[in-house]
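Following the hints, complete the assembly by docking chain B onto the known chain A.
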Amino acid sequence: MDFSTLNEVFQETFDQPDLQVTPETTANDVVGWDSITHILLISAVELRFGIEFSRKEVMKFQTVGDLWNCVLSKL
Amino acid sequence: MDYTTPSFLLIFLPATLAVFLVVPSKLKRWIILAASLAFIVIAQPFYFVFFIAYSLLSYFLGRWIEHIRNTGAKTNVALIVSILFQVGLLVGLKYCIQFPPAFPNPLKLDLPFLVGKSLEQDWVFPLGFSYITFQMISYYVDIENEVIDAERNIIHFLNYILFFPKLISGPIQPYKDSIAELSNPCATIPRTEAGIRRFIVGLAKKVLVADTIANYINPVFNQTIPYLHTHQAWFVLILYAIQLLNDFSGYTDMAIGLGEMLGIKLMENFNWPYVSKSMTEFWRRWHISLSGFFRDYLFTPLQFRFRKMKTYPVQASILVVFLFTGLWHGFEMHYIAWGLFVGAIIGFEATKFGKLLKETWRPIQHLWMLFWVLMSWVLFRSPGLMFALKFYKSLFGLQGVVEVLPFSQTAPFPVTETSLWLAIIAGVLFAVPVIPRLAKTLKVDLSENKFWQVISFIGLLFILVYSIGVIASKGPMPGIYGQF
Chain A
1 MDFSTLNEVF QETFDQPDLQ VTPETTANDV VGWDSITHIL LISAVELRFG IEFSRKEVMK
61 FQTVGDLWNC VLSKL
Chain B
1001 MDYTTPSFLL IFLPATLAVF LVVPSKLKRW IILAASLAFI VIAQPFYFVF FIAYSLLSYF
1061 LGRWIEHIRN TGAKTNVALI VSILFQVGLL VGLKYCIQFP PAFPNPLKLD LPFLVGKSLE
1121 QDWVFPLGFS YITFQMISYY VDIENEVIDA ERNIIHFLNY ILFFPKLISG PIQPYKDSIA
1181 ELSNPCATIP RTEAGIRRFI VGLAKKVLVA DTIANYINPV FNQTIPYLHT HQAWFVLILY
1241 AIQLLNDFSG YTDMAIGLGE MLGIKLMENF NWPYVSKSMT EFWRRWHISL SGFFRDYLFT
1301 PLQFRFRKMK TYPVQASILV VFLFTGLWHG FEMHYIAWGL FVGAIIGFEA TKFGKLLKET
1361 WRPIQHLWML FWVLMSWVLF RSPGLMFALK FYKSLFGLQG VVEVLPFSQT APFPVTETSL
1421 WLAIIAGVLF AVPVIPRLAK TLKVDLSENK FWQVISFIGL LFILVYSIGV IASKGPMPGI
1481 YGQF
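Quick mapping for you: the protein sequence lines, in order, are chains A and B.
Numbering (my numbering) for the first sequence: 1 to 75.
Numbering (my numbering) for the second sequence: 1001 to 1484.
Hints in this document: simulated from the structure, not taken from any laboratory.
For clarity, every value in this text was computed on a predicted model and none was experimentally measured.
Any given hint might turn out to be false.
What the hints assert, rightly or not - Think about it this way: if two alpha-carbon atoms lie no more than 16 Å apart in a straight line, the pair counts; the simulated EDC-like pairs of lysine to aspartate or glutamate are:
1) B:1355 - A:34
2) A:60 - B:1181
3) A:56 - B:1281
4) B:1358 - B:1281
5) A:56 - B:1149
6) A:60 - B:1296
7) A:60 - B:1149
8) A:56 - B:1296
9) B:1176 - B:1193
10) B:1355 - A:15
11) A:74 - A:52
12) B:1352 - A:52
13) B:1308 - A:52
14) B:1176 - B:1146
15) B:1094 - B:1332
16) A:60 - B:1417
17) B:1028 - B:1181
18) B:1265 - B:1177
19) B:1308 - A:46
20) A:74 - A:46
21) B:1355 - B:1281
With the rest of the complex left out, here is chain A:
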């Protein structure tokens, strides 16, 4: 499991096959990343990596890098 797996989750969630995210990407950089799709994304990441986030962790995510570091800490 590497960063490209996370990128695939983004592509599937936002239905954008060409989407490329980096650790610096924020919600403002991705079309359609709003408060509704944010939770869909969180659920999809949890499912793909077989992990579970806590509310505190989710509240602290500011960038894709924050999300990815949290995923890595749980693998």
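Just chain B now, kept in the frame of chain A:
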């Protein structure tokens, strides 16, 4: 005291700014605190002790949550107690305003010469308290979530919650976005100049546009039932949409301008909401600080909590959020109905229909948004549900045999009044980004254009003098969002 009172414009603001600019940097935060306390003393002297006691208690609650968090114990109880304290006070005070208790306010002081109007009411809502309590809730939740640490410096804390530019109409700015400048307000000449410009634009929106339109349409809403022809009802409703935006965004401009003058950045609250293509987008552009608060501290936690329940629809969270949005404005039924109405439309847009809407012709999307926004303003502005129902009937020609009074009996001046049409034109220009887009099309950088700088300086000077003249002759009108 309001930002549009002569005492604020001619005495309080110039005096505060003069002292703030000449004192050394390390004293600036003290001047801000002194100005905020003076603002409260002048505006609501009977609440001064309340604000001090409330602030100190709020401060120690934040420290308490942090202390428990740092020991590794569960913070749930401390967080719930702190939030209940904030919400309980807010609900209690709002309830007292709506249903005044039989016993008189023992601390009632009447100082009309200071505040510019008589305090004949026994119960007055503490200035900006709805905005302050929401900021405190975000502060506690962020401490609990380890996003921030509790503020230790009591001066910085008091400056965060009692900062006078935010007191009348917000914005509801989370502490995490305010930390940087609270300890070291940074004022520069260009920043002060930009702040003054922004303040005058806000003053013009409020005094010359919103108040002029209000003089015309308030009598309609002061009737027991709306005596209106269909075309008159639409005209009044569109005018209200222009008035509301200019009133509220005018206050936001004044708040941001004052913040810039005092070296503290306040967040934007509006982003051209009337150019939206859906109600969902409208609410991302309208009262951004309130919708952002509900998104981060209610919607996201709700959605996260129920994310694994296949049967839990996103619409449920949306309705809860907008029910609370309605309640934040007041406990009256029309506010609750307004919140649920907006929530229902946004919930509908969260279905597959939303995707369909995005694929339709853009003017249709704009019309869709405008129609529902206008429909929602009927509930928002009406004094009650029955009035709103009759207003809807007037809009769609269903008012039946209701006697329609001439405008001369429901409005203070005729629609041919020049000031009204000037206010409408200016109000529309402030509501849609015509000038910025024109400048972009013509590839003109207004901030670098010397001709524009001179013209706008002269224009703003004229607007300032004219606005003060209007206030002096007609008296200041309180802002719509000041009452919340």
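Going through the hints against the structure:
no., hint, verdict
1, B:1355 - A:34, "holds (14 Å)"
2, A:60 - B:1181, "violated (22 Å)"
3, A:56 - B:1281, "violated (27 Å)"
4, B:1358 - B:1281, "holds (11 Å)"
5, A:56 - B:1149, "holds (14 Å)"
6, A:60 - B:1296, "holds (11 Å)"
7, A:60 - B:1149, "holds (13 Å)"
8, A:56 - B:1296, "holds (12 Å)"
9, B:1176 - B:1193, "violated (26 Å)"
10, B:1355 - A:15, "holds (13 Å)"
11, A:74 - A:52, "holds (8 Å)"
12, B:1352 - A:52, "violated (28 Å)"
13, B:1308 - A:52, "holds (11 Å)"
14, B:1176 - B:1146, "holds (11 Å)"
15, B:1094 - B:1332, "holds (11 Å)"
16, A:60 - B:1417, "violated (54 Å)"
17, B:1028 - B:1181, "holds (11 Å)"
18, B:1265 - B:1177, "holds (9 Å)"
19, B:1308 - A:46, "holds (11 Å)"
20, A:74 - A:46, "holds (10 Å)"
21, B:1355 - B:1281, "holds (13 Å)"
In the structure shown, a violation is registered for the earlier hints numbered 2, 3, 9, 12 and 16, in ascending order.
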